[in-house]
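Full structure from sequences and hints, please.
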Amino acid sequence: MWQSQKEHMKRCAGLSDIRKPGWRSIPIGGMLLEPGSALKYKTGDWRAFRPIVDETKCVNCLLCWIYCPDSSIVRKEKFVAINYDYCKGCGICAAECPTKAIRMEEEKR
Amino acid sequence: MTRTMGLTGDEAIAYAAKQSNVDVVAAYPITPQTIIVEAFSEYVFDGEVHSEFVCVESEHSATSACIGASLTGARVFTATSSQGLALMHEMLYIASGLRCPIVMGVANRALSAPINIHGDHSDMMGSRDCGWLQIYAENAQEAYDWTIQAFKIAEDDNVLLPVSVNIDGFIISHSMEGIQVQEDKETLEFLSTRKPALTIDPDKPVTVGALCFTDYYFEVKRQQVEALDNSFKVIRKVNQEYKALTNRSYDTLETYGVEDAEAAIICLGSTAGTAKAVAKKLRDDGKKVGVIKLWVYRPFPTKEILETVKNLKALAVLDRACSFGAPYGALCSDVLSVLHGAGKELKVFNGVFGLGGRDITPTDIESVFNEALETAKTGVVKEPVKFIGVRE
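Chains as they are written, first to last, in my numbering: chain Z, 4 to 112; chain P, 191 to 582.
Since the hints were made in silico from the structure, they are not lab data.
The structure presented is a predicted model; accordingly, all values stated were derived computationally and were not measured.
Treat the hints with caution; some may be incorrect.
Okay, derived cross-link-like pairs now, DSS-like style, lysine-lysine, Cα gap no bigger than 27 Å in a straight line [to be verified]:
id, chain 1, residue 1, chain 2, residue 2
1, Z, 43, P, 411
2, P, 567, Z, 23
3, P, 411, Z, 45
4, Z, 43, P, 394
5, Z, 111, Z, 91
6, P, 411, Z, 23
7, Z, 45, P, 567
Here it is as structure tokens:
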């Protein structure tokens, strides 16, 4: 069992999108053996709708940046961008945008 | 060196926990288990054992404290009954899910309402799917022996699951028996100290109890199924080692006269004692009856049961708990599914008895045997579920 946990840690080291391990090769009890693994947890994949910024309409007022509950608006020089790793697609940014520069599109998966 | 001590079932469990050199006990008193906690607290007060005794405000907290302690690598013990076990229910799943090898003494008692303090199996049967190993002892001796073995089974790397050792409330918990105990030293040598493979340790940080959604939860549960399957081998190994120490044999089940029997009773706990005494009397009269007593109820010893019943024609399954709305009592449902799965042609009926501590008498048992023999002869089950000892 502990052998397979070691194997799991080895796999974790390079783990991004490879197929998830089966029950024989994960630590028992849902235990996580490496600290700080929450950093690898990208909640953006919960998203059903994706905000798209129209850079020509954005006036960089940053209302979206203030309202975003997940701090997923990224400030740029002349307009805003979205951090899709953590944006859950709630649509508040699109609703609040005074210039209608953000539209919500259904995620295609 | 073996000595004989006069101990009640509760005291026998407390004594076994004391000899097992438990590191942490977190428990809350409840009748008929109270003596276990009470006796253990006296061992702590008298300095006979160096356990951390945590007085908690409820059974929910008791199990929570036990889980935390167990994760640090400590050997952990608790005890409860009835409403206490019901209050623990949520934490029972967490103890097994986080793979904490806690050992818990349970003096089985009826569940409210109406309020009742006497023995039946409603409490543990209500938690039968909680992922714990569940052992039923027939008497104080077995309670003592199984409690010690339970630590070794639970803490094995291939198991790492909590174990409950059950005794019938009052019938066993409060009856004094002369039981054979070994020296503290011998028990300790048998058990040694717990060697946890993985613990919470500030130098090697791990996360326990992290979120497992649709992507991992199922795998973690599958591991628990595997651990319960693995436990059969471990139970056998520990039974053999314990026999070498004490010369007392244990297994997943015990049989009496089943080899040449036509009809048998299968049951848990103290009822098996009465059943064996009645079976002996009937066998002396030339009636071919036998008794199967399950020591280990979870994991369910499927193979052993099939091997045991192979020559039988009829089987009476006695349940000391009611599964409301279910076609049969819990034990009977398990037995029937095992028989059906193996394509076994065996006539089975279910007797629900002893709720709220109502006695089951030798006369009751004798009539069950007679009905089982009649069923064996005719091949007809007259009444699939009968309620034994209830007033009409």
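Do the hints match the structure? See the list:
Using a Cα cut-off of 27 Å, the hinted pair residue 43 of chain Z and residue 411 of chain P holds, with the two alpha carbons roughly 23 Å apart. With a C-alpha separation of about 57 Å, the suggested pair residue 567 of chain P and residue 23 of chain Z falls outside the 27 Å cut-off, and the hint is violated. Simply put, residue 411 of chain P and residue 45 of chain Z have alpha-carbon atoms about 24 Å apart, close enough for the 27 Å limit, and the pair holds. Of the supplied pair hints, the one linking residue 43 of chain Z and residue 394 of chain P holds, its CA atoms being roughly 19 Å apart against a limit of 27 Å.
The straight-line distance between the Cα atoms of residue 111 of chain Z and residue 91 of chain Z is roughly 14 Å, inside the 27 Å bound, and the hint therefore holds. Taking the CA atoms of residue 411 of chain P and residue 23 of chain Z, the gap is near 16 Å; set against the 27 Å cutoff, the hint holds. For the given pair, residue 45 of chain Z sits about 67 Å from residue 567 of chain P by alpha-carbon distance, which is inconsistent with the 27 Å threshold.
The structure fails to meet hints 2, 7 from the earlier list, while all remaining hints are met.
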